[in-house]
Amino acid sequence: AQSVTQPDIHITVSEGASLELRCNYSYGATPYLFWYVQSPGQGLQLLLKYFSGDTLVQGIKGFEAEFKRSQSSFNLRKPSVHWSDAAEYFCAVGAGTGFQKLVFGTGTRLLVSP
Amino acid sequence: DAGVTQSPTHLIKTRGQQVTLRCSPKSGHDTVSWYQQALGQGPQFIFQYYEEEERQRGNFPDRFSGHQFPNYSSELNVNALLLGDSALYLCASSSTRKEYGYTFGSGTRLTVV
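Residue numbers (the numbering used here), protein chains in the order written: chain R, 1 to 114; chain P, 1001 to 1113.
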């Protein structure tokens, strides 16, 4: 069965510092991978997605992620964090062709310190 | 262009009661999926509706049921509410013409007391 692991429950980063959020997935075929962000009380906003091709994917708000098949990872990065980036981040894998269920990790809460 | 609209925003129900949550998909979308997000957890897939039929279902009991209307809007019904049903319920719409092109609503926060 498909699964996603986000090993860090909370991460605190100083404003202006770089960020990396980890994501490992388990999926038998070529995965469709996503990163979503959720602000308190809000729905999910898509940051970026990987379907195929270039393994370094650019997203919105200055985020990028790199797909590494050998490590089953899809880590999210940002070179300089802003206070407004504080939120919950979810990694997800698309499960199954022809039917598009998303399987989410448990999320990483990002705190940004001044 | 409106995105996905969910109503109500918040809801408080008593154990054993029944609840109906509503979702209007983004314009141009024909598929609606429902997810349950318990506190501190990632969203869990409940089911997906397309052409007014349930296309696939996650690991949820029959107390959870749904419906899709001809205008593509959808309802999620939960019967015999349990305390454990307290969660944020997210609706996501998509188009069969665009793979994995989900748009999520802001959700309905259900509290069961």
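The reader is advised that the hints may include incorrect statements.
Here are the computed lysine-lysine pairs in the BS3-like style, where the Cα-Cα straight-line distance is at most 27 Å [as the list claims (entries may be wrong)]: (1) R:K68 - P:K1013; (2) R:K49 - P:K1013; (3) R:K101 - R:K68; (4) R:K61 - R:K101; (5) R:K101 - R:K49; (6) R:K68 - R:K49; (7) R:K101 - P:K1098; (8) R:K61 - P:K1098; (9) R:K49 - R:K61.
Please keep in mind that the hints were generated in silico from the structure rather than gathered at the bench. The structure presented is a predicted model; accordingly, all values stated were derived computationally and were not measured.
| task | Give me the numbers of the hints this structure contradicts, sorted from smallest to largest. | result | 1, 2
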